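Asks: Protein sequences appear in the order of chains Z and H.
Residue 44 in our numbering sits at position 44 of the first sequence; the count goes up by one each step and never skips.
Position in the second sequence (from 1) plus 61 gives the number in our numbering.
It is worth saying that the hints were derived from the structure and are not from the lab.
Model, not experiment: these values are computed from the prediction.
The C-beta atom is built at its ideal place from N, Cα and C for all residues, glycine as well.
A portion of the hints provided could be inaccurate.
What the hints assert, rightly or not - Per label pair, the in silico range of CB-to-CB distance:
no., chain 1, residue 1, chain 2, residue 2, range
1, Z, P23, H, G334, 21 to 27 Å
2, H, S347, Z, S19, 50 to 56 Å
3, H, D309, Z, T29, 35 to 41 Å
What the hints assert, rightly or not - Partner residues are not named here, just some residues of chain H that face chain Z (Cβ under 8 Å, in silico):
no., residue
4, H225
5, L247
6, A249
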Amino acid sequence: MMMEKAVLSVITTNKDKISGGAPIFICDTKEEMDNVAANLEAILDGISHALSNEMYVIVKH
Amino acid sequence: MNEYTYPILFGVIVGTIARAIMLKTDYRQYPTYLHGKVIHLALGFIAAGLGSVAVPAIMEKEFTAVTFLTIAASQFREVRNMERNTLTELDGYELVPRGKTYIEGIAIAFESRNYLVIFTSLVTTLCYLVWNVWIALVAAIVCYFIIRKFMSGSTLKELVDIEHHEVQFDGAGLYVDNIYIMNIGLPARQEDIKRYGMGFILSPKNFDVRSTIANLGQRQAILHDISIALGVYRDSGTPALVPLIKRDLDDGRIGVFILPQNKDVDKAKKVLGAVPVLENAIRLPSESKANKKGSGKE
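Chain Z extracted, bound-state conformation (with noise of 0.2 Å):
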């Protein structure tokens, strides 16, 4: 089955708010997360979508 959009990571600051699904990424500060998803985003192909300020989703569309 082609899926037209995918999850491929989640980047956060607030540990509390995630578990499992896709690979996450917890960062310190919102400089590193910024940073994290910049690369990520290129490496993947894929969007950084902000859902907070604290979360980053990376996805494919």
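Use these hints to put chain H onto chain Z, whose structure you have.
Replies: Quick look at chain H alone, frame taken from chain Z:
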């Protein structure tokens, strides 16, 4: 040499010239690479030949010769398939794809133009045989205008009002006017988009247009054309930088978000206005019986 030589020759030449004229204006829809042109000129020549031979054949009471035209029809349907396949294959490698609706429109145009060539050759040869070369020449000129009429579909500026709006962010949401386009998470990307992005609002002039510009194929065609004309700030590794069109569900306006390399508002408006309205996207809800009988408004 016999009495039919010159009329047939005349018909073939006029038909081939007609095809050449129709190819010339194709460049925006299709790159002008030489080999592609040769294919279509050759097919145009064949079409012209078929069209002009049909008339003498009938005059000689060879009625079965008309069945040749059916072979022509299947031949040109093949042209449509060929164009569709080529363009679909190539579309995967475009930074901003044409979209299936646009491709289908181009393929249909290629097929129908061959029929126009047959028609031109047939009419001119007939005129030559029935009257003389001068009448045939007049017929050729009339055909030229008919062809011109068929070639020029309507463009977007006849259907919508185009307004420029700056793109703006509300949190991570990217907006053009009040139309939500997409969610951009990274602050660095947001900066890029603020710097390079441009927004336009296309408001439909009437009810029919709403459904036409809502068509996803038509929207993709708009994005493709504008990215061709103004360049696009995008590469294969940057999926976040993607031109998009979203719709305002309340009133049918569409918000066009583009990333041109050439940020010239007037030029962009001109290009948007010149985008062809795709035949396959045109809808006429006002023609439906329900709408006619009802209040009649809109």
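Asks: Does each hint hold? Answer for all of them.
Replies: Hints versus structure:
Taking the beta carbon of each, P23/Z and G334/H are about 46 Å apart, not inside 21 to 27 Å as hinted. With their beta carbons about 54 Å apart, S347/H and S19/Z fall inside the hinted range of 50 to 56 Å. Remark: the range hint 35 to 41 Å for D309/H to T29/Z is upheld by a beta-carbon distance near 38 Å. Checking H225/H against chain Z by beta carbon gives a least distance of about 26 Å; that is not within 8 Å, so the hint is violated.
At its closest, the beta carbon of L247/H sits 5 Å from a beta carbon of chain Z; the interface hint therefore holds under the 8 Å criterion. A cut of 8 Å between beta carbons decides the hint on A249/H: the least distance to chain Z is about 6 Å, and the hint holds.
Of the numbered hints given earlier, the model fails hints 1 and 4; all others are met.
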